[in-house]
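Residue-level listing of the chains:
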Amino acid sequence: MINYHTVYTTCPYCGTGCGMLLEVMNGRLVGVLPCKTNSINQGKLCIKGWSAHEFVHSPERLKKPLLRKDGRLEEVEWDEALSFIASKLKAITQTHGPDSFAALSSAKCTNEENYLLQKFTRAVIGTNNIDHCARL
Amino acid sequence: MTNSVEELEDAACIMIIGSNTTASHPIVAMHIFRAKEKGAKIIVIDPRKTHIASYADLYLAEKSGTDVAIINGLLHIIIKEGWYDKQFVEERTEGFVELKTLLEEYPPARVAEITGVPEAQLRQAAEMFAKTKQSSIVYCMGITQHTVGVDNVLSLANLSMATGHIGKWASGVNPLRGQNNVQGSTDMAAIPNVLPGYQSLADDAVVSKFEAAWGVTLPRKPGLTLMEIMGAIGTGGIKALYVMGENPAVSDPDIQHVKKALEALELLIVQDIFPTETVALAHVVLPAVSFAERDGTFVTTDRRVQRIRKAIEPIGDTRPGWQIICDVAHAMGAGGFDFASPSEIFAEIASLVPLYAGISYERIAENGIQWPCPTKDAPSTVFLHKDRFSKGLGTFKPVAYKAPAELPDEEYPFILITGRDGFHFHTGSMTRRSKSLTAQINRCYVQIHPLDAKKLKIKAGQMIRLRSRRGAIEVEARITPIVQSGSVFVPFHFAETAANVLTNPALDPVVKIPEYKICAVKLEKAT
Chain G
1 MINYHTVYTT CPYCGTGCGM LLEVMNGRLV GVLPCKTNSI NQGKLCIKGW SAHEFVHSPE
61 RLKKPLLRKD GRLEEVEWDE ALSFIASKLK AITQTHGPDS FAALSSAKCT NEENYLLQKF
121 TRAVIGTNNI DHCARL
Chain E
1 MTNSVEELED AACIMIIGSN TTASHPIVAM HIFRAKEKGA KIIVIDPRKT HIASYADLYL
61 AEKSGTDVAI INGLLHIIIK EGWYDKQFVE ERTEGFVELK TLLEEYPPAR VAEITGVPEA
121 QLRQAAEMFA KTKQSSIVYC MGITQHTVGV DNVLSLANLS MATGHIGKWA SGVNPLRGQN
181 NVQGSTDMAA IPNVLPGYQS LADDAVVSKF EAAWGVTLPR KPGLTLMEIM GAIGTGGIKA
241 LYVMGENPAV SDPDIQHVKK ALEALELLIV QDIFPTETVA LAHVVLPAVS FAERDGTFVT
301 TDRRVQRIRK AIEPIGDTRP GWQIICDVAH AMGAGGFDFA SPSEIFAEIA SLVPLYAGIS
361 YERIAENGIQ WPCPTKDAPS TVFLHKDRFS KGLGTFKPVA YKAPAELPDE EYPFILITGR
421 DGFHFHTGSM TRRSKSLTAQ INRCYVQIHP LDAKKLKIKA GQMIRLRSRR GAIEVEARIT
481 PIVQSGSVFV PFHFAETAAN VLTNPALDPV VKIPEYKICA VKLEKAT
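Protein chains in written order, with this note's numbering: chain G, 1 to 136; chain E, 1 to 527.
Please keep in mind that the hints were generated in silico from the structure rather than gathered at the bench.
Treat each hint with caution, since some may be false.
Unchecked claim - Derived coverage of chain E by chain G (criterion: at least 3 residues anywhere in the stretch with Cβ under 8 Å from a Cβ of chain G; other residues may be distant):
(1) 27-41
(2) 177-183
(3) 221-233
(4) 267-276
(5) 288-300
(6) 343-356
(7) 372-382
What the hints assert, rightly or not - Below are the DSS-like pairs computed for lysine-lysine, each with C-alpha atoms no more than 27 Å apart in a straight line:
(8) G/63 x E/259
(9) G/90 x E/221
(10) E/221 x E/391
Each residue gets a CB set at the ideal place from its N, CA and C atoms; glycine is no exception.
With the rest of the complex left out, here is chain G (with noise of 0.2 Å):
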């Protein structure tokens, strides 16, 4: 059986914020159709617009935590890498002061996600040491 949907959403390239509808069957992302509805592009999309579908799939994802071991990035489960931030931040920040973090958000993730990460640096730690690409 083939289960074949579109999904609507927002081209995750540059900033003109063209709507686009994802194309999945059964569970993988198969192709890219533009939105005539959407009010910026109308239909239409450019060369990166159309192929935004085929990094999603590629083998190089990174699939699970990885913790540097003896000079070497290995596989953990979340909750080891949770923990070991913790830890590790608990101490620096400790020893150091807040200022002694930063973060680099980014102007690929979203508001929610720019959002919670300056909350984090703001409130949990007690820094204002964040920015990120804009610049760039």
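Given chain G, work out where chain E should sit, using these hints.
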């Protein structure tokens, strides 16, 4: 953007400055071409004769880094000839006298000498832009990535206010954002000097509001910018860095220096979807989902909050970025991170950010909403500054021309410009894993003018070593008159021959943006 993308179709004159629009923002270019079909005049100002320049009614081939001089020159002519909008200047602005005084120093003859643009073309551009009823400015990183980036932007604001080309349908100042959510990440205060919604860290009432909502005491001292953070690793006190969805080991200027800084960290946390060059230096790596595997919102270059929607399940043992940050916060024992979905996070944002107060997932629906949207029944704000500026009167800020930080000399005789190729995106972590795009181009190149190629006996396709004071890369020569003689261009998407090995980390003093658009290099044939 002060205006909406589709409004550009109704502009009668569009001045494109420092934007390779057809390559970097093809759909914006589509609207510009539609305007041209309806009779709009197109002015392109750029040191490279880009694709869109070949469709321009007027192309001004400026020397790199002389934008302030050009704009001041245009304003000089516009005011001398009485082509400025006297009513707009009187009713809506202040500081016009100071601007006029400074502009005395920019007569056409001097401006032509600084910029390389003939006086007659300056006159034509000034008349075309000022005397057309609905003119718009479109600009991109060719304006901002300079040590005078802020001065460049202020000059454009001066031009639009003096001519009254702002605060109207199809008429305004329109920066094109290069990434899907530059606007949103700035709105959300992923920047060191404000709280979400551009609310001031110095305002006690604002800080109290956030402290009450988050249940903490907030730090008041502004933080460090990206380039300052890189500089402060090691001796400057930064010991731990959390990088979410960025690749500074390729994207920052002078990357050999950046890599050394990242290696000196006690803790480098990297959250990403691919094993980037920055992931390779991390102590701990958190695998995130792609845009197709999560819900959320992006904000377009024209301030439109739009949805992304989950289309497939997370690949492997990955998690949505928002969930990962909550997990880290929980591991630290922190409260305030109990969200079941991105729409709950958005509701908290709307409760604290007046620009977003009237926006919700329900209202965004299929068409998005453009901020400011202060109440639940307020409509999208299609263009900004109608009737009044948010601060009241618009202030002219006279700015003098300053030369770039590193100009060519005998040892490094060429100007290097870096930028995008139309088939790739930023450090290539996504586009270089897309077969349709790598089929078009998958290796770096340098554009060299035919006269320079002849002089240096360089042939198309030959490998050329480009060297600056910071380092060297070897790339393939493309001989093309797109660049001026004396300048070369290299795209920055290719980590193995990264343009940012060469670039100069000199910064704009105010916003700390690096001067990616100009540094000095020499060309050698690679053996």
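*Are residue 90 of chain G and residue 221 of chain E close enough, with their CA atoms no more than 27 Å apart?*
holds (21 Å)
*With a cut-off of 8 Å between beta carbons, are at least three residues of the region 267-276 of chain E near chain G?*
holds (count 6)
_Between the alpha carbons of residue 63 of chain G and residue 259 of chain E, is the straight-line distance 27 Å or under?_
holds (25 Å)
*Please count how many residues of the region 288-300 of chain E have a CB within 8 Å of a CB from chain G and say whether that reaches 3.*
holds (count 11)
_Holds or violated: residue 221 of chain E to residue 391 of chain E, with C-alpha atoms at most 27 Å apart_ = Between residue 221 of chain E and residue 391 of chain E the Cα gap is close to 24 Å, so the pair holds against 27 Å.
*Given as covered by chain G, does the region 27-41 of chain E meet the bar of three residues or more with CB within less than 8 Å?*
It holds: at least three residues are needed, and the region 27-41 of chain E offers 3 whose Cβ sits within less than 8 Å of chain G.
*Claimed coverage, the region 372-382 of chain E by chain G - three or more beta carbons nearer than 8 Å*: Since 0 is below three, the answer is violated.
*Counting residues of the region 177-183 of chain E with a beta carbon closer than 8 Å to any beta carbon of chain G, are there 3 or more?*
With 7 residues close enough to chain G, the hint holds.
*Counting residues of the region 343-356 of chain E with a beta carbon closer than 8 Å to any beta carbon of chain G, are there 3 or more?*
holds (count 4)
*For the region 221-233 of chain E, does the count of residues with a C-beta closer than 8 Å to a C-beta of chain G reach 3?*
holds (count 9)
Violated hints amount to a single one, hint 7; each of the other numbered hints is respected by the structure.
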